[in-house]
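*Asks:* Now for the letters of each chain:
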Amino acid sequence: MRKVYVDTTAYFTKDGDIFPLKFVWEDGRKYTVDKVLDKRKAASLKVGGQGIRYTCRVLGKEIYMFLEDGNRWFIEGK
Amino acid sequence: MRIGLQVQNTNFHNMLYFTFTKMLNRGYNINTEHQFAKVKKMERVILHSDLNSFYASVECLYNPAIRDKPVAVAGSVERRHGIILTANIIAKKGYGIKVGEAIWQARQKCSDLVVVPPNYSLYIRFSKEAREIYRTYTDLIESFGIDEAWLDVTESTKLFGTGEKIADEIRRRIREELGITASVGVSYNKVFAKLGSEIKKPDATTVITPENYRDLVWRLPVSDLLYVGRATFRKLAKVGILTIGDLANSPLSFLKRLLGKWGEYLWTFANGYDTSPVVKLDYEGVIKGIGNSTTTPRDLGNDKDVRLMFYVLAESVAERLRRHNFKCRTVQIYIRDNELKSIERQAKLKDYSFVSRELAEKAFSIFKDNWTWERPIRSIGLRATDLVTADTYMQLSMFDDENKKPKLEKLESSIDDIRRRFGHYSVQRGLLLTDSMLNCNPIEENVIFPVSYFR
Numbered sequence: 001m002r003k004v005y006v007d008t009t010a011y012f013t014k015d016g017d018i019f020p021l022k023f024v025w026e027d028g029r030k031y032t033v034d035k036v037l038d039k040r041k042a043a044s045l046k047v048g049g050q051g052i053r054y055t056c057r058v059l060g061k062e063i064y065m066f067l068e069d070g071n072r073w074f075i076e077g078k
Numbered sequence: 079m080r081i082g083l084q085v086q087n088t089n090f091h092n093m094l095y096f097t098f099t100k101m102l103n104r105g106y107n108i109n110t111e112h113q114f115a116k117v118k119k120m121e122r123v124i125l126h127s128d129l130n131s132f133y134a135s136v137e138c139l140y141n142p143a144i145r146d147k148p149v150a151v152a153g154s155v156e157r158r159h160g161i162i163l164t165a166n167i168i169a170k171k172g173y174g175i176k177v178g179e180a181i182w183q184a185r186q187k188c189s190d191l192v193v194v195p196p197n198y199s200l201y202i203r204f205s206k207e208a209r210e211i212y213r214t215y216t217d218l219i220e221s222f223g224i225d226e227a228w229l230d231v232t233e234s235t236k237l238f239g240t241g242e243k244i245a246d247e248i249r250r251r252i253r254e255e256l257g258i259t260a261s262v263g264v265s266y267n268k269v270f271a272k273l274g275s276e277i278k279k280p281d282a283t284t285v286i287t288p289e290n291y292r293d294l295v296w297r298l299p300v301s302d303l304l305y306v307g308r309a310t311f312r313k314l315a316k317v318g319i320l321t322i323g324d325l326a327n328s329p330l331s332f333l334k335r336l337l338g339k340w341g342e343y344l345w346t347f348a349n350g351y352d353t354s355p356v357v358k359l360d361y362e363g364v365i366k367g368i369g370n371s372t373t374t375p376r377d378l379g380n381d382k383d384v385r386l387m388f389y390v391l392a393e394s395v396a397e398r399l400r401r402h403n404f405k406c407r408t409v410q411i412y413i414r415d416n417e418l419k420s421i422e423r424q425a426k427l428k429d430y431s432f433v434s435r436e437l438a439e440k441a442f443s444i445f446k447d448n449w450t451w452e453r454p455i456r457s458i459g460l461r462a463t464d465l466v467t468a469d470t471y472m473q474l475s476m477f478d479d480e481n482k483k484p485k486l487e488k489l490e491s492s493i494d495d496i497r498r499r500f501g502h503y504s505v506q507r508g509l510l511l512t513d514s515m516l517n518c519n520p521i522e523e524n525v526i527f528p529v530s531y532f533r
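These protein sequence lines are chains A and B, in that order. Going by this note's numbering, the first sequence opens with residue 1, and the numbers climb by one from there. Going by this note's numbering, the second sequence opens with residue 79, and the numbers climb by one from there.
I should point out that these hints are in silico values taken from the structure, not numbers from a laboratory. The structure displayed is predicted, hence computed values, not measured ones. Hints should not be assumed to be uniformly reliable.
Cross-link-like lysine-lysine pairs, in silico, PhoX-like; alpha carbons within 25 Å at most [stated by the list, open to error]:
#1 A:Lys-41 / B:Lys-206
#2 B:Lys-206 / A:Lys-39
#3 A:Lys-46 / B:Lys-279
#4 A:Lys-3 / A:Lys-22
#5 B:Lys-170 / B:Lys-187
#6 B:Lys-339 / B:Lys-313
#7 A:Lys-39 / A:Lys-61
#8 B:Lys-366 / B:Lys-279
#9 B:Lys-279 / B:Lys-147
#10 A:Lys-3 / A:Lys-39
#11 B:Lys-243 / A:Lys-41
#12 B:Lys-176 / B:Lys-187
#13 B:Lys-147 / A:Lys-3
#14 B:Lys-419 / B:Lys-313
#15 B:Lys-147 / A:Lys-78
#16 B:Lys-419 / B:Lys-382
#17 A:Lys-46 / B:Lys-187
#18 B:Lys-334 / B:Lys-316
#19 A:Lys-30 / A:Lys-46
#20 B:Lys-316 / B:Lys-339
#21 B:Lys-334 / B:Lys-171
#22 B:Lys-278 / B:Lys-147
#23 B:Lys-206 / A:Lys-46
#24 B:Lys-147 / B:Lys-187
#25 A:Lys-3 / B:Lys-206
#26 A:Lys-30 / A:Lys-78
#27 A:Lys-46 / A:Lys-22
Please model the entire structure based on the sequences and the hints provided.
*Replies:* Written out as C-alpha cells, the structure is:
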C-alpha cells in the first residue's frame, strides 16, 4: 500500500479541533467527507506513518484520513 | 493540595533514607529487613518505560519495506560519525549487532544490513508523544535520555488501578497510537523498575515486588545494575561478585572498603532500598552548562584550524546561551587526538558573557596553554558553564570600556535575527570562509546519542 498525501479542506472549530471536509485525490477527483465517525491518535502500520486518525465516511465507504504532525494529510492508498 | 502532599512524601522518604545511612555510618550492623518494614507500609509504585530499539523502530514504522530486514540507524561515514546508534531486534538478535560499533564492523556480521541516517526531529516528536501518554497518568515523569522515563504513579493507582494495569495500558497506547513498542518495569523503587524494563523485551511488563525480587533481580549479572560500569565490574568480579544477588549479600563494610561510598550506594540499590524520588525532568533536563563538540571532517593540524573550529563551536554555544537567556563565566574545552587520547581544561572569563568572540578567544587561549601538538586533533569541544540569567545585575569594571559591551551584545542578537529569517549561512565571519570543509552549523547538524547511563 502507498502513502498518498492529499490537498485537504478542513474545518477549525473555536475550541481548537480540526475536521476534514473535502480532499483532492491524486488523480484530481474531489471527494467530500460525509461524516467523521471517530478521531484518535494512531499509527498506520500499512503505509508507515503516525498522527491523528479520522475515520471518515466518503461515498458510503469508511476510510482513514491521517493528520500527520499537525500539518499534512495522508490517506492509505491501494 | 496535591503538590503539597507529594513534596511531603518525598521529604519523608529522604528523611528515612538519611536516618538509615546515618545508622550505617555509625556502624550499626544491618538488620535492614526490620528497619525497612516501616517504609514498606507506604510503598511507592514506580514505572520505568523503555521504548524498544527506539530510533530503529521509528524508521521501520515509516518505511514498511524495511520492517522485516535487519536495520540500523547510524551516523554519516563521510563526516566520520559512522557508528551504530540503534539496531532493530532482527539485527541485534539475528546478527549480534551492537550499539556503538562502526558500520564496517556491523557490515562484516551482516552484509545486507539496511543502514539509515538518523532523523532526530522525528524521534523528538515521538519522544514527546510518548510523554503525552505518560502525562495522562501522572505529572511525576523523569526522562532518562530520549527513549526512557521513570513515572511515579503511587497516587494514580487510586484512579487507574494497579501499577501493572497502568503499565499494560501505557504499552497498549504506545503500540496503537505511536506504532512502536515499549517494555515497562513496575516496582517500588527506581532501580528495580529500570531493571524490570530490561528483563522482558519488547512490548512486555515485568513486575518486581518485595516478594519476588530475589528470584528476578538477584539472578541478573551485576553489570546490569545502574552505575556498575566497566571499571566497577572488574573490581567486583575480582572478588567473586558476579550477580546482583552476590552484591546484595556482601557485607556492607567490605563493599565500602572496596568501592568507597559507591559501595554503599550499590549495596542499597541491589537490596531495593533505593529511595531516590522521581524528579520532574524533561529530556533536556535542567541546564547547567551548554556545550558542543564535534568530530571534525578532517584532522586538525595547526593552531589556525583549531581557532576556526572554536569560532564555529562558540557561535553555536553563544547562540544557545542567548536563546535560553543565559550568560556564562567558565569556558571548558575538550580535545581528543587521533589516537583517541583526550584532555579537558577550563578557565574563567573576566566577566559573564554570551558573546561568541569572547568565548572563542578564551577557548583558544586555554588551548594554547595546554596543547603541545604531539598529534593531530580528531575531535574538539567547547562548553559554557557557571551560568546566570542574562538580564541579571552585573558588577561594572572601572578599567574596561563598559559602553562597548552592550554594543557587542546587540550585534550578536541582530545576527541571531538575521539567521533566523535567512538561514545560518546568511551571515558569517570572514575567518570561517577560509575553510569550507570545517565550517558547519552544530545546532542543526548535531548528533544526539541515545543516553544509556546516568548523567
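*Asks:* Now tell me, hint by hint, if it's right for this structure.
*Replies:* We went through each hint and held it up to the structure:
no., hint, result
1, A:Lys-41 / B:Lys-206, "13 Å, holds"
2, B:Lys-206 / A:Lys-39, "20 Å, holds"
3, A:Lys-46 / B:Lys-279, "23 Å, holds"
4, A:Lys-3 / A:Lys-22, "18 Å, holds"
5, B:Lys-170 / B:Lys-187, "11 Å, holds"
6, B:Lys-339 / B:Lys-313, "14 Å, holds"
7, A:Lys-39 / A:Lys-61, "16 Å, holds"
8, B:Lys-366 / B:Lys-279, "34 Å, violated"
9, B:Lys-279 / B:Lys-147, "19 Å, holds"
10, A:Lys-3 / A:Lys-39, "19 Å, holds"
11, B:Lys-243 / A:Lys-41, "21 Å, holds"
12, B:Lys-176 / B:Lys-187, "10 Å, holds"
13, B:Lys-147 / A:Lys-3, "20 Å, holds"
14, B:Lys-419 / B:Lys-313, "24 Å, holds"
15, B:Lys-147 / A:Lys-78, "23 Å, holds"
16, B:Lys-419 / B:Lys-382, "21 Å, holds"
17, A:Lys-46 / B:Lys-187, "30 Å, violated"
18, B:Lys-334 / B:Lys-316, "15 Å, holds"
19, A:Lys-30 / A:Lys-46, "24 Å, holds"
20, B:Lys-316 / B:Lys-339, "19 Å, holds"
21, B:Lys-334 / B:Lys-171, "38 Å, violated"
22, B:Lys-278 / B:Lys-147, "22 Å, holds"
23, B:Lys-206 / A:Lys-46, "23 Å, holds"
24, B:Lys-147 / B:Lys-187, "14 Å, holds"
25, A:Lys-3 / B:Lys-206, "24 Å, holds"
26, A:Lys-30 / A:Lys-78, "17 Å, holds"
27, A:Lys-46 / A:Lys-22, "23 Å, holds"
Comparing the model with each earlier hint shows violations of hints 8, 17, 21; every other hint is respected.
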